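**Q** What follows is each chain in one-letter form.
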Amino acid sequence: MTLEELCHHLPLEVQAGPARLGTEVTGGYASDLLSCVMAQAQEGQVWVTLQSHPNIVAVASLVNLAGIIITEGMKPDAATIEKAEEQGVPILTTELTTFTVVGRLFELGVRGVDDTSA
Amino acid sequence: MPQITRLQELVYELKISEVMTKDVVTVGPETSMAELQEILRERRISGAPVFADGELLGMISIEDLIKALAAGEMDNAVGDKMAPDPVSLRSADPVVLAVDRFSQYGFGRFPVVDDDGKLVGILTQGDITRGLLKKLEVEYHEEEVRRYRASHIFEDVVSDRTSIFLQYDVVARDFDRAGETASKIKRALTRLGFSPQIVRRAAIAAYEAEMNIIIHADQGGEMVVDVQPEQIIMRAVDTGPGIPDIERAMQPGFSTAPEWIREMGFGAGMGLANIQRCTDEMRLESPLGTRTFLEAVIFLDEGLR
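These protein sequence lines map, in sequence, to chains A and B. Counting in this note's numbering, the first sequence runs from 2 upward without gaps. Counting in this note's numbering, the second sequence runs from 3 upward without gaps.
With the rest of the complex left out, here is chain A:
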């Protein structure tokens, strides 16, 4: 499943990195604590968070995430978008809560790295 396909299934708005929407999503991770993301999120995963400041781009780029979904209607500021375009990190936003987004992703087959049920 690519980010672009996720956009067809979820109400997501592309804020940055439209050229990288073809990236394959290998799984998912959700947290608002950046250190946890650095520790746990794996390359190619989509990260669900309600943080929207520029540092999320640095985090996503350092661990090579497929993209960031910002929830609950939070919008990244201009600095965040600029950084994301610069580093080629797709940012998607949605009005949905983190819980709902993760649930929908799970329904679409996106799994966490520690999930052994599927």
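Calculated from the structure, these hints are not laboratory results. On a predicted model such as this, the values are computed, not experimentally measured, just so you know. One or more hints might be untrue.
Said to hold, decoys possible - Looking from chain B toward chain A, a few residues come up when the C-beta cut is under 10 Å (computed): (1) 85; (2) 86; (3) 180; (4) 182; (5) 206; (6) 279.
To be verified - Computed list of lysine to any residue pairs in SDA-like fashion (alpha-carbon distance at most 25 Å, straight line): (7) B:137 with A:12; (8) B:186 with A:2; (9) A:76 with B:176; (10) B:186 with A:62; (11) B:186 with A:97; (12) B:137 with A:76; (13) A:76 with B:262; (14) B:137 with B:103; (15) A:76 with B:179; (16) B:186 with A:33; (17) B:120 with B:90; (18) B:120 with B:15; (19) B:136 with B:102; (20) A:76 with B:182; (21) A:76 with B:177; (22) B:186 with A:65; (23) B:69 with B:39; (24) B:186 with B:271; (25) A:76 with B:15; (26) B:186 with A:88; (27) A:76 with B:266; (28) B:186 with A:44; (29) B:69 with B:82; (30) B:186 with A:82; (31) B:17 with A:86; (32) B:186 with A:54; (33) B:186 with A:78.
Here a beta-carbon is modelled for each residue, glycine too, at the ideal position from N, C-alpha and C.
Got chain A; can you put chain B on it based on the hints?
**A** The following block gives chain B in isolation, referenced to the frame of chain A:
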């Protein structure tokens, strides 16, 4: 959405002036078609701008010549047979504009003028293809040279102890630029040819060390990455306030970061634990609780290349 290829990027990056033919052969309007035939044959070109008194009057091409030949009008003047009021391109415009013009008009060539309208070159589709290929070849060659140098540097340099030192200044409380040092370290290690796993571990450790300085050190600090053939040593040093209880600070979840910093998702109390997890050795000192010295080492068994 498909990825944009390097070729597509180049079409936007390259200027018409970089790919056009600068040595332009022009003809006067009074030149006969028979004379034109000789010029085209001798210079091995397929067309030319028609010029009189420094003014561009039109374009004459091999197609016009063939028509004249068929109609037995080889004695006619170029001025009668040319395509008048030529469309010209500007040398400072990107090549993509020229590509558009070629498909729009179906012409074989365009005269190129500078900002003052002076003729500076001529452009065919062949020029564009050649220009793009040349640029790609140069880039490929540069990349080859760079890759070779980076990955073989430790083999090429003979010494008793080889180190590459990367030094970075980290500014206190600069959350807008937070992560930049770690990004630079990641890029540098990638360029030096380390495996993605090694780069990832070093990048995570560097990020956490950088964040600690940004969040806690009043005067900021310095980070040094010492790259050696068999290990990467990362040092982060600041001038205070120091860590009163190191054992406690090492515990995952223990944080002294103020509330406003935690709201941004920093200061989760995971930083030091993350560094320890990602590196093979870690040493943390905070003598007299005044300054903090962190050293973390990643061993390179088969990490390099």
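**Q** Does each hint hold? Answer for all of them.
**A** We went through each hint and held it up to the structure:
Interface restraint check: residue 85 (chain B) against chain A, minimum CB-CB distance 40 Å, threshold 10 Å, status violated. Because the smallest distance between the Cβ of residue 86 (chain B) and any Cβ of chain A comes to about 43 Å, over 10 Å, the interface hint for this residue is violated. Given the 10 Å rule on beta carbons, the hint for residue 180 (chain B) holds: about 5 Å separates it from the nearest Cβ of chain A. Interface hint status for residue 182 (chain B): upheld, as the beta-carbon distance to the closest one in chain A is roughly 7 Å, under 10 Å.
Because the closest C-beta pair between residue 206 (chain B) and chain A is about 5 Å apart, less than 10 Å, the hint holds. The interface hint given for residue 279 (chain B) is met, as the beta carbon of that residue sits about 7 Å from the closest beta carbon of chain A, less than 10 Å. Distance hint between residue 137 (chain B) and residue 12 (chain A) is unfulfilled; the C-alpha atoms sit about 42 Å from each other, more than 25 Å. For the hint linking residue 186 (chain B) to residue 2 (chain A), the alpha-carbon distance of about 31 Å lies beyond 25 Å, and the restraint is violated.
Taking the CA atoms of residue 76 (chain A) and residue 176 (chain B), the gap is about 21 Å. The hint holds against a cut of 25 Å. Restraint check: the Cα-Cα separation between residue 186 (chain B) and residue 62 (chain A) comes to about 11 Å, which is no more than 25 Å; the hinted pair holds. Taking the CA atoms of residue 186 (chain B) and residue 97 (chain A), the gap is near 35 Å; set against the 25 Å cutoff, the hint is violated. Simply put, residue 137 (chain B) and residue 76 (chain A) have alpha-carbon atoms about 40 Å apart, too far for the 25 Å limit, and the pair is violated.
Restraint check for residue 76 (chain A) and residue 262 (chain B): the C-alpha separation of about 19 Å stays at or below 25 Å, so the hint holds. The hinted pair formed by residue 137 (chain B) and residue 103 (chain B) meets the criterion: a straight-line CA distance of about 22 Å does not exceed 25 Å. For the proposed pair residue 76 (chain A) and residue 179 (chain B), the alpha carbon gap of about 19 Å is at most 25 Å, so the pair holds. Restraint check for residue 186 (chain B) and residue 33 (chain A): satisfied, since their Cα atoms lie roughly 24 Å apart, inside the 25 Å limit.
Annotation: proposed proximity of residue 120 (chain B) to residue 90 (chain B) holds, straight-line Cα distance about 11 Å (limit 25 Å). Between the alpha carbons of residue 120 (chain B) and residue 15 (chain B) the distance comes to roughly 23 Å, so the proposed pair stays at or under 25 Å and holds. For the hint linking residue 136 (chain B) to residue 102 (chain B), the alpha-carbon distance of about 21 Å falls within 25 Å, and the restraint holds. Proximity of residue 76 (chain A) to residue 182 (chain B) is assessed by CA-CA distance (about 22 Å); at most 25 Å being required, the pair is judged to hold.
Taking the CA atoms of residue 76 (chain A) and residue 177 (chain B), the gap is near 18 Å; set against the 25 Å cutoff, the hint holds. With a C-alpha separation of about 14 Å, the suggested pair residue 186 (chain B) and residue 65 (chain A) falls inside the 25 Å cut-off, and the hint holds. A distance of roughly 12 Å separates the Cα atoms of residue 69 (chain B) and residue 39 (chain B); the hinted pair therefore holds under the 25 Å criterion. With a C-alpha separation of about 24 Å, the suggested pair residue 186 (chain B) and residue 271 (chain B) falls inside the 25 Å cut-off, and the hint holds.
Proposed proximity of residue 76 (chain A) and residue 15 (chain B) is contradicted: the alpha carbons are some 32 Å apart, above 25 Å. Restraint check for residue 186 (chain B) and residue 88 (chain A): satisfied, since their Cα atoms lie roughly 12 Å apart, inside the 25 Å limit. Between the alpha carbons of residue 76 (chain A) and residue 266 (chain B) the distance comes to roughly 14 Å, so the proposed pair stays at or under 25 Å and holds. At roughly 18 Å between alpha-carbon atoms, residue 186 (chain B) and residue 44 (chain A) fall within 25 Å of each other, so this suggested pair holds.
For the given pair, residue 69 (chain B) sits about 12 Å from residue 82 (chain B) by alpha-carbon distance, which is consistent with the 25 Å threshold. Our distance criterion of 25 Å between C-alpha atoms is met by residue 186 (chain B) and residue 82 (chain A), whose separation comes to about 19 Å. At roughly 24 Å between alpha-carbon atoms, residue 17 (chain B) and residue 86 (chain A) fall within 25 Å of each other, so this suggested pair holds. Straight-line distance between C-alpha atoms of residue 186 (chain B) and residue 54 (chain A) comes to about 20 Å, which keeps the hinted pair within the 25 Å bound.
Between residue 186 (chain B) and residue 78 (chain A) the CA atoms are separated by roughly 23 Å; this keeps the pair inside 25 Å, and the hint holds.
Consistency note: the structure conflicts with the earlier hints numbered 1, 2, 7, 8, 11, 12 and 25.
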